[in-house]
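Take a look at the letters that make up each chain.
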Amino acid sequence: MGAGEPVLEARGVTRVLSGAIPVTLVEGIDLSIGRGEFAAITGPSGSGKSSLLYLLGLLDTPTSGSVLVEGEDTSRLTPADLARVRLEKLGFVFQFHFLLPEFTALDNVLIPMRKLARLSDREMRTRAQSLLVQLDLGDHARKRPDQLSGGQRQRVAIARALANEPRVVLADEPTGNLDSRNAQLVFDTFRDLAHRTGTTVVTVTHDEHLAAQTDRRVLLVDGKLVGSTEAAHPA
Amino acid sequence: MALPLSVDIAVTHLMGRRRQTIVSVLGVALGVGFFIAVAALMQGFQTYFRETIIDVSPHVVVEDEFRNPPRQPVQALYAGGAVELRGLKPEEERRGIRNARAMVEALRRMPGVTVAPTLSGQVVLRYGGVDEAASLVGIEPEQEQRVTTLAKDMEAGSLDRLNTTANGIVLGRELAKKLGAKLGDSLLAVTAAGVTRRVTVEGIFHTGIQNLDEGVAYMLLKRAQVLQDRINVVNQVRLRLADPDQAPAVAQRVEARFRYKAESWQETNQNIFQIFTVQNAIMYSIVGAILIVAAFGIFNVISTVIYEKTRDIAILKSMGLTEGDIRRIFLVEGIIAGAIGAVMGWAVGYGLTEVLASIRFDFSDDPSENRFHLSYSLLHYMLGGGFALVAAGLAAYLPARRAARLNPVEIVRGAA
Chain E
1 MGAGEPVLEA RGVTRVLSGA IPVTLVEGID LSIGRGEFAA ITGPSGSGKS
51 SLLYLLGLLD TPTSGSVLVE GEDTSRLTPA DLARVRLEKL GFVFQFHFLL
101 PEFTALDNVL IPMRKLARLS DREMRTRAQS LLVQLDLGDH ARKRPDQLSG
151 GQRQRVAIAR ALANEPRVVL ADEPTGNLDS RNAQLVFDTF RDLAHRTGTT
201 VVTVTHDEHL AAQTDRRVLL VDGKLVGSTE AAHPA
Chain D
1 MALPLSVDIA VTHLMGRRRQ TIVSVLGVAL GVGFFIAVAA LMQGFQTYFR
51 ETIIDVSPHV VVEDEFRNPP RQPVQALYAG GAVELRGLKP EEERRGIRNA
101 RAMVEALRRM PGVTVAPTLS GQVVLRYGGV DEAASLVGIE PEQEQRVTTL
151 AKDMEAGSLD RLNTTANGIV LGRELAKKLG AKLGDSLLAV TAAGVTRRVT
201 VEGIFHTGIQ NLDEGVAYML LKRAQVLQDR INVVNQVRLR LADPDQAPAV
251 AQRVEARFRY KAESWQETNQ NIFQIFTVQN AIMYSIVGAI LIVAAFGIFN
301 VISTVIYEKT RDIAILKSMG LTEGDIRRIF LVEGIIAGAI GAVMGWAVGY
351 GLTEVLASIR FDFSDDPSEN RFHLSYSLLH YMLGGGFALV AAGLAAYLPA
401 RRAARLNPVE IVRGAA
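So the sequences go chain by chain: E and D. In terms of the UniProt record's numbering, the numbers along the first sequence are unbroken and rise by one, the last being 235. In terms of the UniProt record's numbering, the numbers along the second sequence are unbroken and rise by one, the last being 416.
Hints should not be assumed to be uniformly reliable.
Pairwise CB distance ranges, derived in the manner of DEER restraints [to be verified]:
(1) THR61/E with VAL390/D: 52 to 62 Å
(2) THR61/E with THR277/D: 49 to 59 Å
(3) THR78/E with VAL355/D: 49 to 59 Å
(4) GLY386/D with THR61/E: 36 to 46 Å
(5) ASP192/E with VAL390/D: 19 to 29 Å
(6) THR78/E with VAL390/D: 22 to 32 Å
(7) SER18/E with VAL278/D: 51 to 61 Å
(8) THR74/E with VAL7/D: 24 to 34 Å
(9) ASP188/E with TYR307/D: 50 to 60 Å
(10) THR78/E with GLN270/D: 56 to 66 Å
Here are the simulated SDA-like pairs of lysine to any residue, each with C-alpha atoms no more than 20 Å apart in a straight line [unchecked claim]:
(11) LYS178/D with ALA156/D
(12) LYS143/E with ASP8/D
(13) LYS143/E with THR12/D
(14) LYS89/E with VAL409/D
Just so you know, the hints here were simulated from the structure itself, not pulled from any lab data. Keep in mind it's a predicted model, so treat the numbers as computed, not measured. For glycine and all other residues, C-beta sits at the position ideal for the given N, C-alpha and C.
Model the full assembly from the supplied sequences, consistent with the hints where possible.
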C-alpha cells in the first residue's frame, strides 16, 4: 500500500453532524497512509475531503471509528492530549495562510516551537531561520504577512507547519488562493519534503493536474471512499 | 522573546487595539484613583474624629443612674407572674453616686486607669443682657487634667486658677463668645436649686468638639456642689484608660461591680460611628460601581479582540495550543489592562489626595480645622489595586472562556 509503515490510519471513520436533520460528512472510511508518502485527497465539492482531513488531523473527532497516529489510537484521548499530538506530530497548512498579522514571518514560524519549548531560544531562532531559507524566504524573515505576496505567505505557513518536525503535514487546498506558478512551487516543496525527509504529506485538492503529481490519490464521493490509487511516480 | 508565548500574543493584541485599550485602562485608573482619594478623605476624617474624642473626652463615664429601672419588691416576689403596678410612687432618693469616694479609690487601683470625680448639672449664665444655659461640671483640676486634655485645650487663662480664685469658672470658647464674656469678666450663675453666685471667668478652652465648646463650663468641684446645693455629692466619675480600645470591657466590669451605668466613649458616640459605617458602605458601593463600569470596558476590548482574532485562535488551536493556553492569552490581556490601570490609578489617587490636601477653607481661626484630614494608607492602595485586578480578571475571564471553546474546524471552513 504505502511507502513505509503506516503513520496515519483511519478505521471505519464516520462523522455525522447532529442536528434537526443529521448530516453525514464522511462514512466508514478505512485508510492507511505510510511514512514519507505524498497523498492527495480528491473528489467533487461537498464530497467530504476537508472533513476527512480534519478528522485525520485530530481537529475533529469521529462519531464512530478511530484515527491512529503512529499506531496510537486517539479516540480515547482528552482534548489536551489531542492538542499535544497535533503540536508534536502534525502540521497544518490551510487554503488561507492564517499567519498572525502582527508577527513577523520568523515569529510566526517560532510559535509552535515556543509552545513545545524543547529547544533553547537560540536553537529555535536558528531552526526557524533555516526553514525560511529552505523555502526561499531567507530575506523576508523580518517582514510581516502584509508585506509578503500570497505565495510567500503560504510558504511561511508551510515553514510554520514544519516547525516541530512533524510526522505528517496536512494541507487543505493549500494552493486554492495561489497562481499556477506558486501552486506548483508548493507541490514541489511537499513532494521534496515527503521523499527527502520522510515526512508524510496529505493534501486536499480538487486540481487534477496537481493531484496527478502525488504518490497516491484518495477519491471521495458523497463522503465515501471510492478509490485509492497509486499515482505515477514522477521522476 | 523573553516573554512567554501567551503573554507575547496578549501584549500584541492590546497594542493592536491601543486606543480602546487606553480608554478601558483609564476607566480602571479613575476607579482606583477615586477610591484612594475618597478612602483617604473619609478615613482621615474618621480617624481624626476618633482621635479627637479619645483625646478630649473621658474614655468611660460612670453616672449616678442605672440601665434598668429598679425592681419593685412585689415583682421580685412574683417573678415571672402577671403583675402590673399602677400609681406607684417611686421612693425619692438623694441623687448621686453613693459612697463615691470609695468607688474612686477602688477604680484607681485598676491598672491603666486614671479617675476623676465630678458633679455635673445645669446652670444658667447671665452676662450683660444674655442668658445662656450650660452644663456646669464641678472638677478637681489636678485630677481632671489626667483624665481629659482640658488643661492643654486652654486658650486663655488656666485651669489652676480655679484653685486660687474664690468663684472661678472656665468656659468653652463658643459659650464665652455667645455671652460676650472675656477673661476676668464677672458673670451671674443661677442653678435649678435656686442658688445664685457671681463667678469670674478664669479661663477659656477650645477642644474642637462643638458640644463641649458651646455648652460646658467648669468650676471647682466644691464650688459646684455649693451652687447646685448638693454638698459632697458626685454624680459622674470619669475614667481615662491607657488603652482606649479597652473602654467597653472596662465599662462592663465597672458596671457589673458598682451597678451604676458606665458608658464607654464608643457607646456615647455610637450614632456617629454608625454614620461612619453607612458612609463607608456608600463609598465602597460607588467605587464598586466605577470599577464595574471599568470592567465593562475591559470586557468590551477583549470581546472585540476575540471577534477580530477568531482566525488566529483557530490556527493556534490547530497548531496544538490547548484551551487553557487560549484562555490564558485573553485572561492575561485583562490582567495587563487591570494592572496598568491599577498603577495609573495609584498615581491618580496620590495626585487627587495631594490636591485635597492643598485645599484650605475658612471655617475657623484654627488652621488645623481649615483643611481636610487625610489618611495615607498603603492598605487603600493595595485594596484599590486588588479590586482592579479582580474586576479585570473577571471581565476578561468570560470572553476568554468563550474564545477557548471556539471550534477551529468551523472557523477554518468559513475562512476559505
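The hints, checked one at a time:
1. THR61/E with VAL390/D: 52 to 62 Å: violated (36 Å)
2. THR61/E with THR277/D: 49 to 59 Å: Given about 57 Å between the Cβ atoms, the range holds.
3. THR78/E with VAL355/D: 49 to 59 Å: At roughly 56 Å between Cβ atoms, VAL355/D and THR78/E fall inside 49 to 59 Å, so the hint holds.
4. GLY386/D with THR61/E: 36 to 46 Å: holds (42 Å)
5. ASP192/E with VAL390/D: 19 to 29 Å: violated (54 Å)
6. THR78/E with VAL390/D: 22 to 32 Å: Once the Cβ atoms are compared, 30 Å apart, the range 22 to 32 Å for VAL390/D and THR78/E holds.
7. SER18/E with VAL278/D: 51 to 61 Å: This hint holds: roughly 56 Å between Cβ atoms.
8. THR74/E with VAL7/D: 24 to 34 Å: holds (30 Å)
9. ASP188/E with TYR307/D: 50 to 60 Å: violated (38 Å)
10. THR78/E with GLN270/D: 56 to 66 Å: holds (60 Å)
11. LYS178/D with ALA156/D: Holds: LYS178/D and ALA156/D sit about 16 Å apart, inside 20 Å.
12. LYS143/E with ASP8/D: holds (18 Å)
13. LYS143/E with THR12/D: Judged against 20 Å, a Cα distance of about 16 Å means the pair holds.
14. LYS89/E with VAL409/D: Holds, at roughly 19 Å.
The structure fails to meet hints 1, 5 and 9 from the earlier list, while all remaining hints are met.
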